[in-house]
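If you read the protein sequences in the order shown, they are chains A and B. The first sequence begins at 1 in full-length UniProt numbering and counts up one residue at a time. The second sequence begins at 1 in full-length UniProt numbering and counts up one residue at a time.
To be clear, the hints were calculated from the coordinates, so they are not data collected in a lab. For every residue, glycine included, the Cβ atom is placed at its ideal position computed from N, Cα and C. Check the hints yourself; a few may be wrong.
Said to hold, decoys possible - Covered by chain A, per the in silico footprint, the following chain B stretches (three or more residues, Cβ under 8 Å):
no.	stretch
1	91-97
2	122-135
3	176-182
4	203-214
As the list claims (entries may be wrong) - A partial selection of chain A residues facing chain B, derived with a Cβ cut-off under 8 Å:
no.	residue
5	33
6	39
7	41
8	52
9	54
10	59
11	63
12	65
13	69
14	102
15	103
16	104
17	114
18	121
19	123
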Amino acid sequence: MNAKNYNDLAHRHAHGEANPHAIGHGHGHDEAHGSLRDYVIGFVLSVVLTAIPFWLVMSGAIADKSTTALVIAAFAVVQVIVHMVYFLHMNGKAEGGWNMLALIFTAVVVLIVISGSMWVMYHMNANMMPMHMEQMD
Amino acid sequence: MSDATHHQDVSAPLPASLTKLGKFWDLNEHDHPEGHSTMLGFWIYLMSDCLIFAMLFAAFGVLGGNYAAGPGPRELFELPLVAVNTSMLLFSSITYGFAMLAMQRGSVSQTQMWLLITAVFGAAFLSIELYEFANLIHEGATPQRSAFLSSFFTLVGTHGLHVTFGLIWLFTLVVQVSRKGLIQANKRRLMCLSLFWHFLDVVWIGVFTFVYLMGMLR
């Protein structure tokens with residue numbers, strides 16, 4: 001292949017005409033769209049997933065508080081996934097998978113930041129406070 | 001070595017090694033259609049926003065129990081009000097969905113109508129939140145009162161600020177759509193705001209679960 005042919009190939013690429021290199025470059029044509037069905041399912045699910053935790057806490061249906069906390073945390077996680085799928089139209093294919101990859105990376109960082117902070121600060125509290133108390137005595 | 005061997009005439013055939021390179025690395029800066037990467041870029045912005053909220057949630061998680069002998073969540077929070085607030089945001093999410101469906105149908109007037117209905121729900125959410133904040137401050141539960149209240153106001157206030165800017169953006173787009181119609185650029189902007197608006201609803205799930213509901217369980 002000579003230079004002229006190469007330039008021709010690049011030119012065709014730029015205009016999105018058929019050539020093997022253009023596959024996977026569907027710029028601007030792979031945005032996820034929701035349907036009415038998606039939005040209604042998402043809405044009904046999120047109303048249910050919101051109402052149950054509020055009811056659990058307001059009525060005190062589960063006597064044990066830490067069990068209640070775990071249950072409503074589980075409901076929150078499920079509701080976040082419902083919103084991601086039905087409202088934000090997340091899937092593994094949008095933008096060639098980069099949306100999903102960015103989301104997974106962020107979820108991992110969020111998990112580390114929140115659980116790490118609480119873990120470290122809990123132990124700081126538990127281990128540092130008594131020393132202050134003893135010094136003050 | 002003479003320069004002649006390096007500077008080849010463009011019309012002359014490239015050496016075999018260079019043509020192979022050309023197959024793997026795109027040496028030409030070819031153009032992309034306008035806005036082709038906006039959605040991915042905006043998504044990455046939202047993910048960075050997510051990290052801001054993660055830090056605020058972490059701060060609340062650590063400081064949420066430090067009342068400094070002041071009022072705690074059980075004395076301050078009114079769950080029925082929070083439930084109404086949550087439903088406002090949920091309603092605004094589905095009405096924004098309807099605006100997107102109207103946009104896909106190409107109906108300018110319906111898109112604007114659903115956007116304005118979304119704005120009403122968004123404004124109701126903000127009003128209830130400001131009413132709640134005003135009540136708290138009136139009762140002396142100001143951000144300065146305790147670490148719990150500082151982190152509470154920072155987290156919930158940051159979310160409220162996002163909703164405020166979302167509302168400003170929404171009104172801007174209603175005007176844009178009425179002036180230019182549902183052109184490609186406006187569709188792209190509406191899709192970005194859609195992501196932003198639904199993302200704020202996702203953050204609110206974390207707020208009502210971990211701040212309000214779990215606060216009442218403390």
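How the hints compare with the structure:
Restraint check on the stretch 91-97 of chain B versus chain A: 3 residues with Cβ-Cβ distances below 8 Å, three needed, restraint holds. With 0 residues bearing a CB less than 8 Å from a CB of chain A, the stretch 122-135 of chain B misses the requirement of three and the coverage assertion fails. Only when three residues or more bring their CB closer than 8 Å to a CB of chain A does the claim for the stretch 176-182 of chain B stand; here the count is 0, and the claim is violated. Counting residues of the stretch 203-214 of chain B whose beta carbon lies closer than 8 Å to any beta carbon of chain A gives 7, which meets the minimum of three for the stated coverage.
The interface hint given for residue 33 of chain A is met, as the beta carbon of that residue sits about 6 Å from the closest beta carbon of chain B, less than 8 Å. Against a cut-off of 8 Å between C-beta atoms, the interface hint on residue 39 of chain A holds, since the closest Cβ of chain B lies about 4 Å away. Taking 8 Å as the C-beta contact cut-off toward chain B, the hint placing residue 41 of chain A at the interface is violated, the least distance being around 11 Å. Hint on residue 52 of chain A is violated. Least Cβ distance to chain B is approximately 11 Å, over the 8 Å limit.
A cut of 8 Å between beta carbons decides the hint on residue 54 of chain A: the least distance to chain B is about 5 Å, and the hint holds. The beta carbon of residue 59 of chain A is not positioned within 8 Å of any beta carbon in chain B (closest approach about 11 Å), and the interface hint is therefore violated. For residue 63 of chain A, the interface hint is violated, the least distance from its beta-carbon to any beta-carbon of chain B being 12 Å, above 8 Å. With its C-beta approaching chain B no nearer than about 5 Å, residue 65 of chain A sits inside the 8 Å limit, and its interface hint holds.
With 8 Å as the threshold, the beta carbon of residue 69 of chain A comes within range of chain B, its nearest partner Cβ sitting at about 5 Å, so the hint holds. Below 8 Å, beta-carbon pairs count as interface contacts, and residue 102 of chain A has one with chain B at about 5 Å; its hint therefore holds. Residue-level restraint check for residue 103 of chain A holds (minimum Cβ-Cβ distance to chain B is 7 Å; threshold 8 Å). At a threshold of 8 Å, the smallest CB-CB gap from residue 104 of chain A to chain B is about 10 Å, leaving the interface hint violated.
Because the smallest distance between the Cβ of residue 114 of chain A and any Cβ of chain B comes to about 5 Å, under 8 Å, the interface hint for this residue holds. Taken as an interface hint, residue 121 of chain A checks out: its beta carbon lies about 4 Å from the nearest beta carbon of chain B, inside 8 Å. Taking 8 Å as the C-beta contact cut-off toward chain B, the hint placing residue 123 of chain A at the interface is violated, the least distance being around 11 Å.
Checked against the numbered hints above, the structure violates hints 2, 3, 7, 8, 10, 11, 16 and 19; every other hint is satisfied.
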